[in-house]
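Student: For reference, the chains in residue letters:
Protein chains: 2
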Amino acid sequence: MEECSMFRPNFEKGGGLIRAVAQDAVSLTVLMDAYMNEEAFNETVRTGQVVYFSRSKGKLWRKGEESGNMQIVRDIRVNCYTDSTLILAEQVGGAACHEGYPTCYYRHLANGELVLIEERVFDPSLIYKKGE
Amino acid sequence: MEECSMFRPNFEKGGGLIRAVAQDAVSLTVLMDAYMNEEAFNETVRTGQVVYFSRSKGKLWRKGEESGNMQIVRDIRVNCYTDSTLILAEQVGGAACHEGYPTCYYRHLANGELVLIEERVFDPSLIYKKGE
Numbered sequence: 448m449e450e451c452s453m454f455r456p457n458f459e460k461g462g463g464l465i466r467a468v469a470q471d472a473v474s475l476t477v478l479m480d481a482y483m484n485e486e487a488f489n490e491t492v493r494t495g496q497v498v499y500f501s502r503s504k505g506k507l508w509r510k511g512e513e514s515g516n517m518q519i520v521r522d523i524r525v526n527c528y529t530d531s532t533l534i535l536a537e538q539v540g541g542a543a544c545h546e547g548y549p550t551c552y553y554r555h556l557a558n559g560e561l562v563l564i565e566e567r568v569f570d571p572s573l574i575y576k577k578g579e
Numbered sequence: 448m449e450e451c452s453m454f455r456p457n458f459e460k461g462g463g464l465i466r467a468v469a470q471d472a473v474s475l476t477v478l479m480d481a482y483m484n485e486e487a488f489n490e491t492v493r494t495g496q497v498v499y500f501s502r503s504k505g506k507l508w509r510k511g512e513e514s515g516n517m518q519i520v521r522d523i524r525v526n527c528y529t530d531s532t533l534i535l536a537e538q539v540g541g542a543a544c545h546e547g548y549p550t551c552y553y554r555h556l557a558n559g560e561l562v563l564i565e566e567r568v569f570d571p572s573l574i575y576k577k578g579e
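Protein chains in written order, with my numbering: chain P, 448 to 579; chain R, 448 to 579.
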């Protein structure tokens, strides 16, 4: 019998998924949040680059595979319920968001309306193929 | 007919819930992540204190109502899909986690094992009633 103390997140609680918050390891800016299934989590650990699970596409989403804006893992933190991870990462290209902004949280709420607080780093129409 | 341009997050996508990441407004430490339903989001905006929705208890969860460790809203940011918010907050009591740690991400992954990286601020057995 082999002893196994390796950490495994609680995927059952979220129907096979855990949450993953990506934070810039240097500036501490929160870049985005998304989901990982077990394969995405294992691939993130194995490759050192962040891999999410795309719920809309139903498959692994290797962050930056199309835009080149991958996220290099610096540290992986785990929450109290082991159903969420905080990934400290280096954001290649300076833009985490598919809309071309540095982070996905590029708007804030002001008097009940959404107001832009970041500037675009790239034009998404030049990066992504139509329909993606 | 009344014109309504007020922002409303996309609750439908997450089955009535959006994700909410809380970040310390000063240190930029990520404190926790959880969920909000529409009532929790509206109460967060209205009261200026973070209110989540507890999936396990099936009801509003006014952060700090029992421990006193509430989160005072400094800014609310919204992601590209409007299905996740980033709440910049002041963490009263210096501890966001019900386990007594400053953040819920008090462990990190080292060689496949979970290693403690924060120190307890309070003893949860002295704060929470049994079974909560």
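Read the hints as simulated data drawn from the structure, not as lab findings.
Everything numeric in this text was worked out from a predicted model, so none of it was measured.
Do not rely on the hints blindly, as some may be mistaken.
As the list claims (entries may be wrong) - The following label-pair restraints were derived from C-beta to C-beta distances:
1) 507/P x 473/R: 28 to 38 Å
2) 513/P x 503/R: 34 to 44 Å
3) 505/R x 493/P: 36 to 46 Å
4) 489/R x 493/P: 34 to 44 Å
5) 573/P x 513/R: 17 to 27 Å
6) 558/R x 474/P: 19 to 29 Å
Claimed, not checked - Incomplete in silico selection of chain P near chain R, CB under 10 Å:
7) 528
8) 532
9) 558
10) 572
11) 575
To be verified - Just some of the chain P residues that point at chain R, by a computed CB distance under 10 Å:
12) 457
13) 504
14) 514
15) 525
16) 539
17) 561
18) 574
We treat Cβ as the ideally placed atom computed from N, Cα and C, and that holds for glycine.
Student: Each of the hints needs a verdict: does it hold here or not?
Tutor: Now the hints, each set against the structure:
1. At about 36 Å, the CB distance of residue 507/P to residue 473/R agrees with the hint of 28 to 38 Å.
2. For the hinted restraint 34 to 44 Å between residue 513/P and residue 503/R, the CB-CB distance of approximately 37 Å keeps it satisfied.
3. In this structure, residue 505/R and residue 493/P meet the distance hint of 36 to 46 Å, their C-beta atoms being roughly 37 Å apart.
4. Restraint check, residue 489/R to residue 493/P: a C-beta distance of roughly 42 Å satisfies the suggested window 34 to 44 Å.
5. A hinted range of 17 to 27 Å for the beta carbons of residue 573/P and residue 513/R is inconsistent with their spacing of about 51 Å.
6. For residue 558/R paired with residue 474/P, a C-beta distance near 27 Å keeps the hint of 19 to 29 Å intact.
7. The beta carbon of residue 528/P comes within 8 Å of a beta carbon in chain R, closer than 10 Å, and the hint placing it at the interface holds.
8. Here the hint on residue 532/P is kept, as its CB sits about 8 Å from the closest CB of chain R, short of 10 Å.
9. A distance limit of 10 Å between C-beta atoms decides the matter here; for residue 558/P the minimum to chain R is near 9 Å, and the interface restraint holds.
10. The beta carbon of residue 572/P comes no nearer than 15 Å to any beta carbon in chain R, farther than 10 Å, and the hint placing it at the interface is violated.
11. Annotation: interface hint on residue 575/P violated; nearest CB of chain R at approximately 13 Å, more than 10 Å.
12. The closest approach between the C-beta of residue 457/P and any C-beta of chain R is roughly 12 Å, which is over the 10 Å cut-off, so the hint fails.
13. For residue 504/P, the interface hint is violated, the least distance from its beta-carbon to any beta-carbon of chain R being 14 Å, above 10 Å.
14. Of the supplied interface hints, the one on residue 514/P is violated, with its beta-carbon coming no nearer than about 14 Å to a beta-carbon of chain R, more than 10 Å.
15. Against a cut-off of 10 Å between C-beta atoms, the interface hint on residue 525/P holds, since the closest Cβ of chain R lies about 5 Å away.
16. The interface hint given for residue 539/P is broken, as the beta carbon of that residue sits about 19 Å from the closest beta carbon of chain R, more than 10 Å.
17. The beta carbon of residue 561/P is positioned within 10 Å of a beta carbon in chain R (closest approach about 5 Å), and the interface hint is therefore held.
18. A cut of 10 Å between beta carbons decides the hint on residue 574/P: the least distance to chain R is about 14 Å, and the hint is violated.
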